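S.K.: Could you build all of it, start to finish, from the sequences and the hints given here?
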Amino acid sequence: MHEKGATGAMELTMLRAIAIATQVREEVPVGALVLDDLGNEIAAAGNRVVQDDDPMGHAEMIAMKIALRRMSPRSLRGATLVVTLEPCPMCAYAAREVGISQLIFGLANNKTGACGSVFDIARDSRFGPPLEVTSGVLASECQALLRAFFEPRRETR
1 MHEKGATGAM ELTMLRAIAI ATQVREEVPV GALVLDDLGN EIAAAGNRVV
51 QDDDPMGHAE MIAMKIALRR MSPRSLRGAT LVVTLEPCPM CAYAAREVGI
101 SQLIFGLANN KTGACGSVFD IARDSRFGPP LEVTSGVLAS ECQALLRAFF
151 EPRRETR
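Residue numbers for the sequence shown, in the numbering used here: 1 to 157.
Derived by calculation from the structure, the hints in this document are not laboratory data.
Treat the hints with caution; some may be incorrect.
Said to hold, decoys possible - Quick list of in silico lysine to aspartate or glutamate cross-link-like pairs, EDC-like style, CA-CA up to 20 Å: (1) Lys65 <-> Asp36; (2) Lys65 <-> Glu97; (3) Lys111 <-> Asp124.
Said to hold, decoys possible - Derived Cβ-Cβ restraints for the label pairs, each shown as a range: (4) Glu97 <-> Gly136: 21 to 27 Å; (5) Thr112 <-> Gly78: 24 to 30 Å; (6) Glu132 <-> Leu15: 16 to 22 Å; (7) Thr7 <-> Pro55: 31 to 37 Å; (8) Leu12 <-> Gly78: 15 to 21 Å; (9) Lys111 <-> Asp53: 32 to 38 Å; (10) Gly128 <-> Arg154: 37 to 43 Å; (11) Arg154 <-> Glu97: 34 to 40 Å; (12) Arg74 <-> Arg154: 41 to 47 Å.
All of these numbers come straight from a predicted model, not from anything done at the bench.
Glycine included, every Cβ here is placed at the ideal spot set by N, Cα and C.
M.R.: Below, the structure is given as structure tokens:
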């Protein structure tokens with residue numbers, strides 16, 4: 001259980017990730033932040049799969065790459081990854097590999113979620129120390145963002 005102050009800080013941080021996701025154009029609107037061990041934002045990114053023609057252009061991957069350049073070329077030990085949508089297997093494993101300690105996400109991803117929904121790479125002990133995972137932070141707001149993106153596309157089929 002998180003203290004009320006911690007929950008408020010998580011919600012504020014998720015609001016920042018949502019704001020980043022809303023800036024994404026022609027992409028699935030996902031926003032990600034990396035925070036240092038004191039809670040300071042060191043990197044932020046939105047999805048860029050289409051824009052960069054890069055299947056690995058997920059918000060989490062980009063944010064972690066930026067954070068690595070700013071903090072350390074090999075490790076983000078002690079850092080927190082905040083993302084609007086539960087990370088996929090690629091992003092969850094990458095977070096483990098770079099030493100992310102805590103993961104906070106908004107909406108569960110029932111298709112490819114790798115932090116408890118479909119898979120649990122984030123906490124699987126075979127990959128070393130597990131990530132501390134907090135899910136469901138502002139989930140309805142994150143869901144509304146994705147719904148606003150996908151509904152018009154479904155109607156045109």
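S.K.: Against each hint, give a clear statement of whether it holds in the structure.
M.R.: Results of checking the hints against the structure:
1. For a cut-off of 20 Å, the pair hint linking Lys65 to Asp36 stands: about 14 Å separates their Cα positions.
2. The straight-line distance between the Cα atoms of Lys65 and Glu97 is roughly 12 Å, inside the 20 Å bound, and the hint therefore holds.
3. Restraint check: the Cα-Cα separation between Lys111 and Asp124 comes to about 19 Å, which is no more than 20 Å; the hinted pair holds.
4. Between Glu97 and Gly136 the beta carbon distance is about 25 Å. The supplied range of 21 to 27 Å therefore holds.
5. Take Thr112 and Gly78: their Cβ atoms lie about 27 Å apart, and the range 24 to 30 Å holds.
6. At roughly 21 Å, the beta carbons of Glu132 and Leu15 sit within the given window of 16 to 22 Å.
7. Under the hint 31 to 37 Å, the C-beta atoms of Thr7 and Pro55, about 35 Å apart, fit the expected range.
8. The hinted range of 15 to 21 Å is satisfied by Leu12 and Gly78, whose Cβ atoms lie roughly 20 Å apart.
9. Restraint check, Lys111 to Asp53: a C-beta distance of roughly 22 Å breaks the suggested window 32 to 38 Å.
10. Distance hint for Gly128 and Arg154: a CB-CB separation of about 40 Å, consistent with the stated range 37 to 43 Å.
11. As the Cβ distance of Arg154 to Glu97 is approximately 35 Å, the hint placing it in 34 to 40 Å holds.
12. Checked against the given bound of 41 to 47 Å, the beta carbons of Arg74 and Arg154, roughly 42 Å apart, stay inside it.
Hint compliance for this structure: hint 9 alone is broken.
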